[in-house]
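Q: Here are the chains, one letter per residue:
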Amino acid sequence: MKFTLPIILVAVTAGLMTLALFGAGHSSGTVGIAAGSAVFSTKASTPEQGLNNLLADVQRRNWDRAYSALSTTSAGDRQSFIQDWTGSDGSLRSFSSLEGFQARPLHATNDDAQMRVRLHWTTPVGPIEDVRDFHLIREGGTWKVAWPKMQISSVPAQIIPVTYLRWDLVSGSGSDEWGSKNVDAPHVRIISMNAVDSAEGAVVMGEVVNEDTIPAFVNVNAALVDGAGKAIDDESSFDKIDHVLLPKQVTPYRIDFPNINLKNVKNVRMDVKATLVPASADPVIGVMNQKVVSDVQGKSILQGDLMNESGQTVNIPHVIASFYDNNGKVIWVSDGYVNRALLPQSGQPFAVEIPKSLAGKVQSFHVVVNQYSLVRS
Amino acid sequence: MERTTVNSVQSYSRPIPLIAIILVALAVHGPLLMMQLPAGSFDANFHMFFASHYAHHWFNPWNEKWFAGFSQTTYPPLTHQWIALLSNVVGLKMGYMLVQLIAVLLLPVGVFRFARIWVEDRAASYAALGSIFLGALAFLVYQAGQLATVASAALYLNALPYFYEWITESSGRSLVKGVAVSLAAAAAHHVTLIFGVVLFAGPVLWVAFFDARDERVSGSSAGVLSRAAVFGVAVAAGVGIVLLPYWLAILQHPIHQIPIPHDSRANFLLNSTTAINYFVIPYGALILALPFIFLRGASSRRLIPLLFGFWLTFIFGLGGTTPLPRWLLGRAYDILTFERFTFWATLMAMPLVGVLAVEILDRFQAKVAVALSLAAVGTIGTALWWLSANPYRPTGSMNVEPVIAFLNRDGHDTYRYVTLGFGSELSKVSTYSSAGSVDGDYNSARLLPEMTHYGSAQLTNAKFYGSAGMASLRAMLEHANRYGLKYIFVHDSYYEPLLTFAGWRKIETFNNGDITAWSKDDVPPAHRIDSDAIPAPWQGLLWGILPMAVSLLAIFLELLLPEGRRAKMPVGVPVRAERAEQHSVA
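Residue numbers (the numbering used here), protein chains in the order written: chain A, 1 to 377; chain B, 1001 to 1586.
Please note that a few of the clues may not be correct.
[Claimed, not checked] Distance ranges between label pairs, derived from CB positions:
#1 B:1391 to A:79: 19 to 27 Å
#2 A:374 to B:1256: 55 to 63 Å
#3 B:1254 to A:296: 41 to 49 Å
#4 A:374 to B:1545: 53 to 61 Å
#5 B:1444 to A:269: 32 to 40 Å
#6 A:289 to B:1335: 48 to 56 Å
[To be verified] One-sided excerpt, in silico: chain B residues whose CB lies under 8 Å from chain A:
#7 1034
#8 1036
#9 1244
#10 1292
#11 1321
#12 1323
#13 1324
#14 1362
#15 1365
#16 1466
#17 1478
#18 1495
#19 1498
#20 1502
#21 1503
#22 1521
[Said to hold, decoys possible] Now the stretches of chain A that chain B is said to cover, found in silico as 3 or more residues with beta-carbon under 8 Å:
#23 12-20
#24 88-100
Because the hints were derived from the structure by calculation, they are not lab data.
Cβ coordinates follow ideal geometry from the N, Cα and C atoms, glycine included.
Just chain B, same shape as in the assembly (with noise of 0.2 Å):
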């Protein structure tokens, strides 16, 4: 018995070590995403969709199939290149789950090495465990389907050890690890990077002019603001080059389109089920731990930075429930969602969560141990349990397999189409069929004044989007001939009535009328709508080679390139020490 409790005290005294961490995160993730739970989530179709078309067309990113045709530039493709390459062996779906798991394989280790700026290997290990088990992970990866955030901000959090090491400590291998990895980072979701310069890299200057103000690394005050803009331009310069057909895309067509109402920038004190969806959930059991957070956070000076950055993250992940989002981001705040920053503030509170179970296990050990362990495992459960009981859940139960065939055949692929009530299913129709829509998933790409004139998306869930979403289909229907627009399926018996009367006719069923197909006579075949967001050759090359490129680069650069070893921290000090000669980082 004696010898049971040595061992176990023993065994929390240890850092986790990181490959226990990775298989952790492999045993939890790994079934889940074999049993292809996220592909019912929103936009798991959208990915695969735009994945497609990569597989089919690398180096021509004008892709006919939405809006009448639009241009792939206008979404960072790394993850979606990756998908497309996977494809040619496992296939899309496959594909997609694969570099899923990828993008939750490296999240452990970046908060692992991210959390290792503020605290002490044991308690960045539990940080990294505790990553696994996030709500907010759990929500983005099988509820929301956002797969390039998750994947931009485990690179991200990568690259900004290497940030860390080189403004701290001059060293030009973290400056070109850590370029490369921040410009992988950003050919996988650019909102990520540019927010994560605030409110990730941010703190970590701030510490570090902090640690060389104090002198406990060897570097100036004034040589880490020197060496922090040295990196700022490689990165911004880098970032520059490889998705320069994205910032092209964006200057030639700014979105000026009217705001789309967003459920996560409601105020959630305003309603229950908003606030369960977008606080609740995605915090978990970290919400028993805010007030340790804020303390601890307060309690040291070098991680008041970390805390600031939390703080503003965390109050960002509220959307309309302040208006501080609104006030700092201007236009902009209609344009974001602002589920990411909940998660992005979730991982910002990992390190100090590292501490407090660091602190709590030293105290009560082994009862703790399995008080968190349940806390982790509820945590996640119950944003598992979620998907279902969610009264805003994706409906990805439909079989559109018969209106792809009826695209697919008898040349009625000469004419666009348009969806009703399919939800994501929307992206898969467009994946597999042959014609082409003038709906679409992707709300930043939309060139049709039929939609970014009203403030609705897409107009599959036309009705969702109230009176601006109804008067945008009315308006895309006044235009059918005008955009070859014949055929529409609906899943939903509320669009049949403005069907009707506006001279469409139920020509087919589906699955037992769960899916009819309607026609409207006098509509010629569809024609190539003219537009000036046609990429011209030379992106589509750009853009099929850099964003993969950097990212070959990034895990060459980890093999040929190691990490020099970290001098260990003194046990019991679950705070990075702020004296001089203790600092080292990874």
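Okay, chain A solo, but in the shape it has when bound (with noise of 0.2 Å):
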């Protein structure tokens, strides 16, 4: 019993540890941005595998051992690579975390893989999905990434006038509000609305437009109706509208309301409120290049250029797209966040989606770019 007892209890602990590390008890992964290294891992035998130790890396943000683990045919500095994953010039991905990736292969031979990897972004505006394919080496038994030469733009040195227009405020008053209060509110108006069903709930969603000489900060809000005249639902634009409109300028706006079907809807409350606040037109961001697509995963998109006009960096530029059928209607509002900075004279692409059902009814669209500036903030 002396020795029996304490044999057996270790040997079930030792079984316990390996049935959590591959069996059915296996745990999820840890809290919040990982870090440490694993004490235990698996040999790169197969791509997948290969893959996966270099995204498990990754995402605890073990650059050392993922740079390292990179077959020698790959391109490109430890630097290079780093910044291909966390980003540079307070840009989207900069903020962002790798927090999940699924991978599946293209193709695979004895000594080289292609494989397409799901990359899912922990971002602060929500999450973000990346499709990126990798491809895999087979070195000495081993499974390496090839990693890829990466382009990093670079501006040359030069002076960018300004001579856009911009709005100052001053107030009166030495309360800590943000914008004006005492003095007339801009005139703002909602120029379009439609109400649709989609697969998450209802949608409503339209276009509002600056009629004023100054300019508006905008917030457009609704509420659903039912038949007794009661409020099933409340829900504002949220993050989709640009917020500040500048003097004639338009914004489209959507408002979702998940889990609500619209036959239960009897009427739409829109308000939308506006405050007068400071302003600049500056910087100015040209959308270019514009077109309706298929990707590689079959959705449609709409794709285009941005281009940074003026001399200061846009660490995140956010897209908002108005889709209209054919006789001018708003039937869709869709929008997305860039994950790399628009530096000065520089241009990023874009991408945003379009549902399936619709894409065939777009006639045209129209986009607006809002922007989350370091300097500004």
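Fit the two chains together into the complex; they arrive one by one in their own frames, and the hints show the way.
A: Quick look at the structure:
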């Protein structure tokens, strides 16, 4: 008994640990931004395992191990490899963490393989999904990722004159409110509204215009009302609107009502609130080469390029697009954040998704670009 | 020289007096607590927040300051109410430290008395002395701030010898005292009592059954079981009554929220930092004693129940490193955190560690005394060093006074607020400001769907819960108008892009930009959110009277009905003899 029982207990403990590593009780990932290294890790004897090991190290920001596990044929240095994952210039990617990934092979031979990975990023503005292809090579019995060279845009030194309009606000009160409450609010108007059902629930969308000669800070709220006149739900446009509107500027808006079907809705109460605020037309971001296409996953997307025409970095560009049918009615509003920063006088591609059922009805579209800049924040 | 040796041998062969052990505990932990070291721990501000509410509204457990209103009957109140009482004299923070100090001083007493069920006095005294230096204790007190867990465990350990006495000797005095102390333990922390029944009381019942069967005690096996049932029924009924508002609250709103990730549930083999935090630091030098614990625990039939209890608790403390806790606990696995099991495992190991100390001291004397002292000091020292070395340490150095001042002026408290990146300082802001928040630092009390539908905890720590955390924050911000959520205080620029795109604007900066205040223009003033979770006034009365009453009853019973003297064990027999005539217990 003196030795038998301890041996049994130790053996059971070891067995349970093994089971947790490989079996039914496999534990999910740790909370938060993972750090530290695994006490136990598996050998990259398959392309899947090689890619999993690399991405697990990227998740843990274990850069030394991740970089050392790359194929010798990889291009680029350690710094550019890290920058590819962590972003730069205060871009959305630099705020993001790789939360998960799903890989599937595209093709594989004995010595090389092509894998397509769906990367799940957690970001300050919500989850973002990326699809990326990886090339793996077998070196000495171990599968390693061949890392491609990253194109890093560089901007030559130059002076950019600022000629755009700017509105300052002189507030007489010492209050800590933003904007001005003691002057007439700017005149803004909802110029279109459309309510539709989607897979996630009801959606109210349309466009708002600032009809005034001063800038406005705008919020659109909507309440769904049933047949008895009772409010079913009230929601706001949140981030699916460009809140700061310059004079005569139009923005799309979209308000989501999750898990609500329009057949239960009798009426929609719209409410637009505007406040006079300081604003600037700078930075100006141009939208070019827009077209509706299908991506590698077969989804309909509107893609194009953003061009920063000003002299300051736009850290996080946000694209909001309204789509019209042949009657000029807004049939969908879609938005998307751009991972990389828009450097002065530089461009970045963007893409926003269109529901498959609506893609065929889209006749035209209008894109506005909202932005977050560290220097302004 | 010869004389010195003789004295040292004699001193090693006697139990250490309990009063000396308590003084050592006071000497080690007293200064750390008076320096308010736990004030920076994860949960200290949470406990002070609850205590602050009791200090102002003793008989009204409905607290409007978190989650747009929640009931404090969702957490056993004893430690908070004692802090609230003391805060009238010494202030909240020092009140917390004093209650924590009392818990820390009660712990070695409890370990000593618990250990005497299994081993003789000398080993028990070493066990008690060792418990002062446990890494797990330092972890819970100074890093996690789990006041209630420590207090409840200390009380529970003190109740178990009465349980043993009652079931083996049919001592009515022990029954009354045991039940009273158990109820006080439950009033401090219900989870400790629930798991303690299986992990601590189970082995005690088991060994009492063996003792009765082998006629080492006067009672019969059937008598042991029947008296255990009486004790169990008495405690269950008492806990049912003392914590009645808690049970009503939990029955009305069972915890259905999406599981919140916690590192103590991770597989330690897959993350070295987690392994250090939840295994190496809490166990410290005890890791070296593990082989002895297993071998010696299996060597005596009386110790096998203790060994099994330790092993099971040890396995639970490993969290997701083994699948056993998930299998046995089911859904509760995703609600519990597992560092407390490690603490309990170290407490259960202490009787065997006491035996180890006796055996090697008898053999090597002064050299081993030095080595054991170094191991003990090294263990607690490492745990204290880890407070600053731990990458997950709490952010305790933030000055939140300007935020509190902002909320308390110019009618800002007519709106609700959220902090982002404040960690446990959220509780401090809530304690001292008059405004309410939709966030809060107690997961089990949350009822707002914006929080319970996502697998994340506090909004202030949203980013650490990944997409689930940010989705929860986003859902809350989307409903800002509904809750009167106008002000957001940011201590982490990570959140600024979301606030900017969602329509909040920066209005003020504090501490040279360390904290920024953000506001949204069209938010209406906050109004009271209707809830079916508001306790009835009679529940507030019960909650304000019974938990405190059972703790006072336990104190009075300890004073009025002192322990009988325990027969001395033969010197040199570290493990309690298995012969009937040598049985005695405190």
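Q: Indicate, hint by hint, whether the structure satisfies it.
A: Here's how the hints hold up against the structure:
For the pair residue 1391 of chain B and residue 79 of chain A, the supplied restraint of 19 to 27 Å holds, since their beta-carbon distance comes to about 23 Å. The hint said 55 to 63 Å for the Cβ distance between residue 374 of chain A and residue 1256 of chain B, and at roughly 41 Å that hint is violated. For residue 1254 of chain B paired with residue 296 of chain A, a C-beta distance near 45 Å keeps the hint of 41 to 49 Å intact. For residue 374 of chain A and residue 1545 of chain B, the Cβ-Cβ distance of about 56 Å falls inside the hinted range of 53 to 61 Å, so the restraint holds.
Judged by the Cβ atoms, the range 32 to 40 Å given for residue 1444 of chain B and residue 269 of chain A holds: they are separated by roughly 37 Å. Checked against the given bound of 48 to 56 Å, the beta carbons of residue 289 of chain A and residue 1335 of chain B, roughly 52 Å apart, stay inside it. Taking 8 Å as the C-beta cut-off, the interface hint given for residue 1034 of chain B is violated, the closest approach to chain A being about 33 Å. Taking 8 Å as the C-beta contact cut-off toward chain A, the hint placing residue 1036 of chain B at the interface is violated, the least distance being around 27 Å.
Interface restraint check: residue 1244 of chain B against chain A, minimum CB-CB distance 34 Å, threshold 8 Å, status violated. Of the supplied interface hints, the one on residue 1292 of chain B is violated, with its beta-carbon coming no nearer than about 10 Å to a beta-carbon of chain A, more than 8 Å. Among the interface hints, the one on residue 1321 of chain B holds; its C-beta lies about 6 Å from the nearest C-beta in chain A, closer than the 8 Å criterion. The criterion of a C-beta within 8 Å of any C-beta in chain A is met by residue 1323 of chain B, whose closest approach is roughly 2 Å, and the hint holds.
Evaluation of the residue 1324 of chain B hint against chain A yields a held restraint, the C-beta minimum of about 6 Å falling below 8 Å. With a cut of 8 Å, the hint placing residue 1362 of chain B at the interface with chain A is violated, because the nearest CB-to-CB distance is about 20 Å. With 8 Å as the threshold, the beta carbon of residue 1365 of chain B stays out of range of chain A, its nearest partner Cβ sitting at about 26 Å, so the hint is violated. Among the interface hints, the one on residue 1466 of chain B holds; its C-beta lies about 4 Å from the nearest C-beta in chain A, closer than the 8 Å criterion.
Hint on residue 1478 of chain B holds. Least Cβ distance to chain A is approximately 5 Å, under the 8 Å limit. Contact between residue 1495 of chain B and chain A, as hinted, is supported at the beta carbon level, the nearest pair being about 6 Å apart and thus within 8 Å. Using the Cβ-Cβ criterion of 8 Å, the hint placing residue 1498 of chain B at the interface with chain A is satisfied: the shortest such distance is roughly 5 Å. A distance limit of 8 Å between C-beta atoms decides the matter here; for residue 1502 of chain B the minimum to chain A is near 5 Å, and the interface restraint holds.
Checking residue 1503 of chain B against chain A: minimum C-beta separation of about 5 Å stays under 8 Å; hint holds. The beta carbon of residue 1521 of chain B comes within 5 Å of a beta carbon in chain A, closer than 8 Å, and the hint placing it at the interface holds. Beta-carbon proximity to chain B at under 8 Å applies to 5 residues in the stretch 12-20 of chain A; the threshold of 3 is reached and the given coverage holds. Restraint check on the stretch 88-100 of chain A versus chain B: 4 residues with Cβ-Cβ distances below 8 Å, three needed, restraint holds.
When the structure is compared with the earlier hints, violations turn up for hints 2, 7, 8, 9, 10, 14 and 15 and for no others.
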